[in-house]
Each structure stands twice: as C-alpha cells, then as structure tokens.
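Enquirer: Next come the chains, spelled out residue by residue.
Number of protein chains: 2
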Amino acid sequence: MKLIHFTDAKPIAITEDTAENITGRLVISKADKAKYISMRVFELAKNGLTPWYFLDWDHEIFVHSGRGEILYNNTWVPLAEGYVIHIPENEEHQIRNTGNQPLVIISLVPPEAPEL
Amino acid sequence: MKLIHFTDAKPIAITEDTAENITGRLVISKADKAKYISMRVFELAKNGLTPWYFLDWDHEIFVHSGRGEILYNNTWVPLAEGYVIHIPENEEHQIRNTGNQPLVIISLVPPEAPEL
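If you read the sequences in order, they're chains P and C.
Residue numbering for the first sequence follows the working numbering, beginning at 1 and increasing consecutively.
Residue numbering for the second sequence follows the working numbering, beginning at 1001 and increasing consecutively.
Hints are computed from structural coordinates only; laboratory data are not their basis.
Be aware that one or more of the hints could be misleading.
Taking lysine to aspartate or glutamate and the EDC-like style, the derived pairs with C-alpha atoms no more than 20 Å apart in a straight line are [said to hold, decoys possible]:
hint: 1; chain 1: C; residue 1: K1035; chain 2: C; residue 2: E1115
hint: 2; chain 1: C; residue 1: K1035; chain 2: P; residue 2: E89
hint: 3; chain 1: P; residue 1: K46; chain 2: P; residue 2: D17
hint: 4; chain 1: C; residue 1: K1030; chain 2: C; residue 2: E1115
hint: 5; chain 1: P; residue 1: K30; chain 2: C; residue 2: E1112
hint: 6; chain 1: P; residue 1: K46; chain 2: P; residue 2: E69
hint: 7; chain 1: P; residue 1: K33; chain 2: P; residue 2: E69
hint: 8; chain 1: P; residue 1: K2; chain 2: C; residue 2: D1056
hint: 9; chain 1: C; residue 1: K1030; chain 2: P; residue 2: E69
hint: 10; chain 1: P; residue 1: K35; chain 2: P; residue 2: D17
hint: 11; chain 1: C; residue 1: K1002; chain 2: P; residue 2: E69
hint: 12; chain 1: P; residue 1: K33; chain 2: C; residue 2: E1020
hint: 13; chain 1: C; residue 1: K1035; chain 2: P; residue 2: E112
hint: 14; chain 1: C; residue 1: K1046; chain 2: C; residue 2: E1089
hint: 15; chain 1: C; residue 1: K1030; chain 2: P; residue 2: D56
hint: 16; chain 1: C; residue 1: K1002; chain 2: C; residue 2: D1017
hint: 17; chain 1: C; residue 1: K1033; chain 2: C; residue 2: D1008
hint: 18; chain 1: C; residue 1: K1033; chain 2: P; residue 2: E89
hint: 19; chain 1: P; residue 1: K30; chain 2: C; residue 2: E1020
hint: 20; chain 1: C; residue 1: K1033; chain 2: P; residue 2: D56
hint: 21; chain 1: P; residue 1: K46; chain 2: P; residue 2: E81
hint: 22; chain 1: P; residue 1: K33; chain 2: C; residue 2: E1016
hint: 23; chain 1: C; residue 1: K1035; chain 2: P; residue 2: E69
hint: 24; chain 1: P; residue 1: K2; chain 2: P; residue 2: E115
hint: 25; chain 1: P; residue 1: K35; chain 2: C; residue 2: E1091
hint: 26; chain 1: C; residue 1: K1033; chain 2: C; residue 2: E1112
hint: 27; chain 1: C; residue 1: K1035; chain 2: P; residue 2: E92
hint: 28; chain 1: C; residue 1: K1030; chain 2: C; residue 2: D1008
hint: 29; chain 1: C; residue 1: K1002; chain 2: P; residue 2: E92
hint: 30; chain 1: C; residue 1: K1002; chain 2: P; residue 2: E81
hint: 31; chain 1: C; residue 1: K1030; chain 2: C; residue 2: E1112
hint: 32; chain 1: P; residue 1: K35; chain 2: P; residue 2: E112
hint: 33; chain 1: C; residue 1: K1030; chain 2: P; residue 2: E112
hint: 34; chain 1: P; residue 1: K35; chain 2: C; residue 2: E1092
Partner residues aside, some chain C positions facing chain P, computed with beta carbon under 10 Å [stated by the list, open to error]:
hint: 35; residue: L1003
hint: 36; residue: I1004
hint: 37; residue: T1007
hint: 38; residue: D1008
hint: 39; residue: A1009
hint: 40; residue: I1012
A virtual CB, placed ideally from N, CA and C, is assigned to each residue, including glycine.
Full structure from sequences and hints, please.
Expert: This is how it looks when you write it as structure tokens:
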C-alpha cells in the first residue's frame, strides 16, 4: 500500500500553452505499479488556468476544493468542491480558478496517457 | 462531458459483511462510456466502517473530507482530508470514520471491477 498526503508529492509547474499559475503533483503512477489509473493533483492558484487542450483518452476529474469554471462547448460552466467531471476522449476543455482560494482538482487518466 | 455534483448521484446503502453507516454513489461508470475508470464516492457517517475486504484489482482512494483510519497489516493508520491511497490487488483493507463529521472518500477502480 502507498499512503501519502498529496502535498508530500513534489509540485511541478505547468507551463505549456496557455497555462498560468498552476502546479501538478503525480501522486499515484506507473512507478507505484498502478496498473489502471494515474492520479494527479493540480492546484490552480488565484487566476490559475489550465492549458486549453484535449487528451486522446477519456479522463475524469474530482473537484476537491475551491471554485472555478470549465470551458466546454464555448461556455464557461461553474465548478465547486464536490463536482465530478467525465471528459470523453478528444474533447477540448480548459479550467480556471475564479475564487480567492486555490482550486484543487484530482485528475485521473489511464497509464497510457502522459502522467504529468 | 458529464458534469454533476457527487450528491446528485443516488446514495446506495452498503450492507455487506461488516459494513456500518456507509453509503456509496456511482458517479462515473461504464454507463457514461468511461473506458478506463469507474469513480465511486463513499460517505461514512459517524462510526461508519467499510467492509473488510480485498479486490482483485489494484485501486486508488482520495480522501475528500473528514477524518478516519485505514486498517492495513493489522494496524490502524490515520487518514485525513487530502490523503491518497494506492492499494495493490488482493491486499485486504478496511476504513473507518473516527471523527464527528462524515468521512468522504473517492474510490477508483477499473471497469472490470464491480462498480458498486
């Protein structure tokens, strides 16, 4: 068993494309012999923004804390703690922090996807 | 895209084996065409206890809120908000709520596993 607090994993600044004020932590990965799922925790600081992107794999997000919005089909849709998102493969999306606190999201991808 | 709050999914009482005061919600599943990951949200009320069990699949947990403990190798190990757990296949484990608030955990399994 691996048991850590997510803040024990090293934060890596995400700088690709439009990303702003965002770090990612790879908390469970292939290196842990996770066969099915890689778990990343992204922390968007105030005004933080993810890249505008899509993945070749459908993936899942759980909003752990904070407030934000997800851009989907040209519309910004509100997000808050406890929201769950399933994004089919090849669908573009982007997430931004609209609150004063960090927006912390759990992002889950299969091991075939880039881990971070 | 599917976007819901986890409390929008129907809570199902978990009654198997030693389970006490626990409900589960299937928030992303094969029915959503999720290919790789089924996401469940379990809520342990005060004194809640999961079944003592193992899965044939390695799986992952994120502690969203509350306080509790996980039994592993005959020892109860503390859990709190923000903890991440990777449990290899066939390793027995059990989780209990030791706080006064609900213990809410996100549990992730591959689609081959029973969804709830």
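Enquirer: Each hint should be assessed against the structure and marked as holding or not.
Expert: Tested hints:
1. For a cut-off of 20 Å, the pair hint linking K1035(C) to E1115(C) stands: about 13 Å separates their Cα positions.
2. Proposed proximity of K1035(C) and E89(P) is supported: the alpha carbons are some 10 Å apart, at most 20 Å.
3. The hinted pair formed by K46(P) and D17(P) meets the criterion: a straight-line CA distance of about 18 Å does not exceed 20 Å.
4. Distance hint between K1030(C) and E1115(C) is fulfilled; the C-alpha atoms sit about 8 Å from each other, no more than 20 Å.
5. With a CA separation close to 19 Å, the supplied pair K30(P) and E1112(C) stays within the 20 Å bound.
6. A hinted pair counts as satisfied when its Cα atoms are at most 20 Å apart, and K46(P) with E69(P) qualifies at roughly 13 Å.
7. Between K33(P) and E69(P) the CA atoms are separated by roughly 33 Å; this puts the pair beyond 20 Å, and the hint is violated.
8. This hinted pair checks out: K2(P) and D1056(C) have alpha carbons roughly 17 Å apart, not beyond 20 Å.
9. A C-alpha spacing of about 26 Å is found between K1030(C) and E69(P), which places the hinted pair above 20 Å, so the restraint is violated.
10. Between the alpha carbons of K35(P) and D17(P) the distance comes to roughly 29 Å, so the proposed pair goes past 20 Å and is violated.
11. At most 20 Å may separate the alpha-carbon atoms for a hinted pair to count; K1002(C) and E69(P) meet this at roughly 14 Å.
12. In summary, the hint linking K33(P) to E1020(C) is not supported, as the alpha carbons are separated by about 31 Å, beyond the 20 Å threshold.
13. In summary, the hint linking K1035(C) to E112(P) is supported, as the alpha carbons are separated by about 12 Å, within the 20 Å threshold.
14. Proposed proximity of K1046(C) and E1089(C) is contradicted: the alpha carbons are some 28 Å apart, above 20 Å.
15. Between K1030(C) and D56(P), the direct Cα distance comes to roughly 18 Å. Compliance with the 20 Å bound is thereby established for this hinted pair.
16. For the hint linking K1002(C) to D1017(C), the alpha-carbon distance of about 33 Å lies beyond 20 Å, and the restraint is violated.
17. Of the supplied pair hints, the one linking K1033(C) and D1008(C) holds, its CA atoms being roughly 19 Å apart against a limit of 20 Å.
18. Of the pairs offered as hints, the one joining K1033(C) and E89(P) holds, with about 10 Å between alpha carbons and a cut-off of 20 Å not exceeded.
19. As the CA atoms of K30(P) and E1020(C) are separated by approximately 33 Å, the hinted pair breaks the 20 Å bound.
20. Annotation: proposed proximity of K1033(C) to D56(P) holds, straight-line Cα distance about 14 Å (limit 20 Å).
21. In summary, the hint linking K46(P) to E81(P) is supported, as the alpha carbons are separated by about 16 Å, within the 20 Å threshold.
22. Restraint check for K33(P) and E1016(C): not satisfied, since their Cα atoms lie roughly 29 Å apart, outside the 20 Å limit.
23. For the hint linking K1035(C) to E69(P), the alpha-carbon distance of about 25 Å lies beyond 20 Å, and the restraint is violated.
24. Our distance criterion of 20 Å between C-alpha atoms is met by K2(P) and E115(P), whose separation comes to about 17 Å.
25. Taking the CA atoms of K35(P) and E1091(C), the gap is about 15 Å. The hint holds against a cut of 20 Å.
26. A C-alpha spacing of about 13 Å is found between K1033(C) and E1112(C), which places the hinted pair at or below 20 Å, so the restraint holds.
27. For the given pair, K1035(C) sits about 18 Å from E92(P) by alpha-carbon distance, which is consistent with the 20 Å threshold.
28. Restraint check for K1030(C) and D1008(C): the C-alpha separation of about 18 Å stays at or below 20 Å, so the hint holds.
29. A C-alpha spacing of about 13 Å is found between K1002(C) and E92(P), which places the hinted pair at or below 20 Å, so the restraint holds.
30. Restraint check: the Cα-Cα separation between K1002(C) and E81(P) comes to about 16 Å, which is no more than 20 Å; the hinted pair holds.
31. Between K1030(C) and E1112(C) the CA atoms are separated by roughly 10 Å; this keeps the pair inside 20 Å, and the hint holds.
32. A distance of roughly 10 Å separates the Cα atoms of K35(P) and E112(P); the hinted pair therefore holds under the 20 Å criterion.
33. Proposed proximity of K1030(C) and E112(P) is supported: the alpha carbons are some 19 Å apart, at most 20 Å.
34. Under the criterion of a C-alpha separation no larger than 20 Å, the hint pairing K35(P) with E1092(C) is consistent with the structure, at around 18 Å.
35. Below 10 Å, beta-carbon pairs count as interface contacts, and L1003(C) has one with chain P at about 5 Å; its hint therefore holds.
36. Here the hint on I1004(C) is kept, as its CB sits about 6 Å from the closest CB of chain P, short of 10 Å.
37. For T1007(C), the interface hint holds, since its Cβ comes within 10 Å of a Cβ in chain P; the closest pair sits about 7 Å apart.
38. Interface hint at D1008(C): satisfied, since its Cβ lies 9 Å from the closest Cβ of chain P, which is below the 10 Å cut-off.
39. For A1009(C), the interface hint holds, the least distance from its beta-carbon to any beta-carbon of chain P being 8 Å, beneath 10 Å.
40. The interface hint given for I1012(C) is violated, since its Cβ lies 16 Å from the closest Cβ of chain P, which is over the 10 Å cut-off.
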